[in-house]
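Colleague: If you use the numbering used here, the sequence shown closes out at 480, no skipped numbers anywhere.
Just to be clear, a hint being listed does not mean it is correct.
[Said to hold, decoys possible] Now the in silico label distances, taken between C-beta atoms and shown as ranges:
{"id": "1", "residue 1": "G436", "residue 2": "E391", "range": "36 to 44 angstroms"}
{"id": "2", "residue 1": "V366", "residue 2": "N345", "range": "26 to 34 angstroms"}
{"id": "3", "residue 1": "L444", "residue 2": "F397", "range": "20 to 28 angstroms"}
{"id": "4", "residue 1": "K348", "residue 2": "A435", "range": "31 to 39 angstroms"}
{"id": "5", "residue 1": "D439", "residue 2": "S364", "range": "46 to 54 angstroms"}
{"id": "6", "residue 1": "D470", "residue 2": "E445", "range": "47 to 55 angstroms"}
{"id": "7", "residue 1": "T427", "residue 2": "E324", "range": "43 to 51 angstroms"}
{"id": "8", "residue 1": "G436", "residue 2": "D353", "range": "17 to 25 angstroms"}
{"id": "9", "residue 1": "S398", "residue 2": "L478", "range": "20 to 28 angstroms"}
Keep in mind that the hints were calculated from the coordinates and are not lab data.
Quick reminder that beta carbons are idealized off the backbone N, C-alpha and C, glycines included.
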Amino acid sequence: MSDKYHHGDLRNALIEEGIKMINTGGEDSLSMRKLAEKCGVTMAAPYAHFKNKEDMINAIKNHVTDSFSVYLENAVSRVSDSDIEKKIIALGNAYVTFFINNPEYFTFLFSRGYIHANLDFAHSDENDFKPFLILKDLCTQYFEEKKAGLSDYEKELEVIRIWASVQGLTSIIFMKNVKWSRDWKKEVSNLLI
Numbered sequence: 288m289s290d291k292y293h294h295g296d297l298r299n300a301l302i303e304e305g306i307k308m309i310n311t312g313g314e315d316s317l318s319m320r321k322l323a324e325k326c327g328v329t330m331a332a333p334y335a336h337f338k339n340k341e342d343m344i345n346a347i348k349n350h351v352t353d354s355f356s357v358y359l360e361n362a363v364s365r366v367s368d369s370d371i372e373k374k375i376i377a378l379g380n381a382y383v384t385f386f387i388n389n390p391e392y393f394t395f396l397f398s399r400g401y402i403h404a405n406l407d408f409a410h411s412d413e414n415d416f417k418p419f420l421i422l423k424d425l426c427t428q429y430f431e432e433k434k435a436g437l438s439d440y441e442k443e444l445e446v447i448r449i450w451a452s453v454q455g456l457t458s459i460i461f462m463k464n465v466k467w468s469r470d471w472k473k474e475v476s477n478l479l480i
């Protein structure tokens, strides 16, 4: 056994290694044996945390989504006043910044089709991507305060525009052959206003 893993949270170490493995070779490349080897633990150790490979993939999805959601919620909660527009801007900044800080999470979520979102404004699905629901909730508050007369269709367009803006910017940042001499983190707020 290697000396890679000594103490701490083996479950999270396995998840992080699992993300790397999936991003590199897809779900088929995920192996509990290889994960144990990478973390320097016995072959049985991953099974103390995950029943099987499918359980591990679900745990990874939940881990990434929960981390992302908490990051977004914290960014919104730090807006000191009740200005809903500032909260939406804070959410957009946090969305892009989270993935700049965690590029492997962006690749994992969006290159594998792991998210589900019902874009119909009047409907929600329990499987909807929680970060999308956070955006949708903020937009609902915005519509109530600033644009009360919008139809559901107009609301859908607004939500999709906002999501497309942050998702599109994040995608541009991670394009391999797209270069910009500026610091993306410093420029996010300028690009989303």
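Colleague: Could you run down the list of hints and mark each one as holding or not?
Modeller: Here's how the hints hold up against the structure:
A beta carbon spacing of about 43 angstroms between G436 and E391 agrees with the range 36 to 44 angstroms that was offered as a hint. For the pair V366 and N345, the beta carbons lie near 33 angstroms from each other, so the given range of 26 to 34 angstroms is met. The hinted range of 20 to 28 angstroms is satisfied by L444 and F397, whose Cβ atoms lie roughly 22 angstroms apart. In this structure the hint that K348 and A435 lie 31 to 39 angstroms apart at CB holds, the actual value being about 36 angstroms.
At roughly 28 angstroms, the beta-carbon separation of D439 and S364 lies outside the given 46 to 54 angstroms, and the hint is violated. Between D470 and E445 the beta carbon distance is about 29 angstroms. The supplied range of 47 to 55 angstroms is therefore violated. T427 and E324 have their C-beta atoms about 47 angstroms apart, which keeps the hinted 43 to 51 angstroms range intact. Roughly 36 angstroms separates the CB atoms of G436 and D353, a value that falls outside the hinted 17 to 25 angstroms.
Checked against the hint of 20 to 28 angstroms, the pair S398 and L478 passes, with Cβ atoms roughly 23 angstroms apart.
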